[in-house]
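Residue numbers (the numbering used here), protein chains in the order written: chain S, 113 to 395; chain W, 113 to 395.
Hints were generated in silico from the structure; no laboratory data involved. Just to be clear, a hint being listed does not mean it is correct.
Because identical chains cannot be distinguished in the list, a pair is counted as satisfied if it fits within a single copy or across any two copies.
Unchecked claim - Straight line, CA to CA, 20 Å or less: simulated SDA-like cross-link-like pairs of lysine to any residue: (1) K372 <-> M335; (2) K171 <-> G212; (3) K202 <-> N374; (4) K171 <-> R142; (5) K372 <-> R385.
Because the structure is a prediction, the values reported are computed rather than measured.
2 protein chains.
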Amino acid sequence: MRNLKGRLDLCSINTATLGHREPLSLTIDRIARAGFGGIAPWRHEVEKAVVAQIAKQIKALDLIVTGYCRSTYLPAATRSQWVANVNENKAALRDAATLGARCFVMVVGGLPEGSRDLSGAREQVSEGLAELLETARDCGVPLALEPLHPMYAADRSVLNTLAQALDICDALDRERSGFLGVAVDVYHCWWDPALRSSIAAAGEAGRIFAYHACDWLHQTRDMLLDRGMMGDGVVDLPAMRESVERAGYEGLVEVEIFSKENWWRRDPGEVLRTCANRLQTVV
Amino acid sequence: MRNLKGRLDLCSINTATLGHREPLSLTIDRIARAGFGGIAPWRHEVEKAVVAQIAKQIKALDLIVTGYCRSTYLPAATRSQWVANVNENKAALRDAATLGARCFVMVVGGLPEGSRDLSGAREQVSEGLAELLETARDCGVPLALEPLHPMYAADRSVLNTLAQALDICDALDRERSGFLGVAVDVYHCWWDPALRSSIAAAGEAGRIFAYHACDWLHQTRDMLLDRGMMGDGVVDLPAMRESVERAGYEGLVEVEIFSKENWWRRDPGEVLRTCANRLQTVV
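Model the full structure from these sequences, guided by the hints.
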């Protein structure tokens, strides 16, 4: 396993970690100044600005864009809405290319309003991904399927395990083109009894495009916005990173923490210093 | 699939559904009077009373005890605590036998305080189950492993999928003695991409000992106490029950709803009438 001591160049900050409280250009500067090697910005902040200008700023600071967050949800109650969702993702993929992103993060979406058809929603996802894979190749930006924790199956993602994501990858991309893979996120996957074997299989297929770190707090008070800083929770982070790296992952370790009542209330500089410290000691 | 219309004798009420607001003897009477065929009481209410007396009351009312809730958590920080946990479960199994319970529900427990050793906790569970299986045979009460939703992996159950539970069953009980199996709970399992195949495998091995119904609310506000009444959420309940019955399950359908802000505030009679209505129409 790589030693992250003195290697913040191997570490990236997902801008959500700072709570989206400042303009993106300021956040980019902060992250670069703090010595991190990468950044993962969100569409709502990038699309508010001029994409080419953001790309230029990031490039000038030598930051790697470890992922572009994130897809428009795919499943829809009507076919025309589904088509619109796919098309929004195609546009976002072009922005991801402008940003030079290592991957476009696919959070696939939950059940359409009023639906109880989980397998139907999963089919809509696969069908959408098949279309997007074409665009991804054209743009040169890989799709990273991010399985979300099962507690989000209803409202955010019907894709819930690495094994499920890999099944989709194998079905749509038998030739292992390098444009369809997964983002492994500590928060979503740490509990999975099949974690080790799924990570190994993902690596074997060359499909690990991103690794997201945070922690699971023993007493989680909010299903969405109470993620822990690395070291404050129950996840064996070194063991998990070791699996991912043993499986061949050589990309950056990206910190992504949603924490409304704690880290989002703290000074962004303090948050970045804490991330830097924890990355070098407990991850 | 069985038609539940007019067949409340095929339906059971887990007493947690009523919020444990009344003495158990009153709850037993209510459930029997409402026409249900079964009941699943909790240890904390049974142990407050005289077990033999409760058993007598239940028997006199011709109620089937669809499950006795539930095990003491197994994983522990020290060996002596682990032994104590196992022994508490042995005592509870004897009470389950007195009650004539169809199974003893195993909610296996989360990580010990301060621990990050998930696989170690899982080993403690397997080891404990091996011991308890002996007692279960002696008492004539099967152990029903209940995989809990992955959002409880830290604090309530390191057993999180049916596939994982079945692996344990196969390892500890190759001969399929009938004393080690699973409780399939809608709330915990509905999201699982491997649900259908796991249910089929469980049925094939004769290991489905209980089926628990409720619903997953699209906007869940509390990780523990915001379960939905059947029909109010996003789960395709008929499809799930059909899988379970096609796999050979012939036991009762047990309603188990934790709902602090909604159903636990309503009159117990209203809750039971609603359960009866929904069981016969949407489950």
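To see whether the hints hold, each was checked on the structure:
no.	hint	verdict
1	K372 <-> M335	both (11 Å within a copy, 17 Å between copies)
2	K171 <-> G212	within (9 Å within a copy, 70 Å between copies)
3	K202 <-> N374	neither (35 Å within a copy, 43 Å between copies)
4	K171 <-> R142	within (14 Å within a copy, 70 Å between copies)
5	K372 <-> R385	within (18 Å within a copy, 40 Å between copies)
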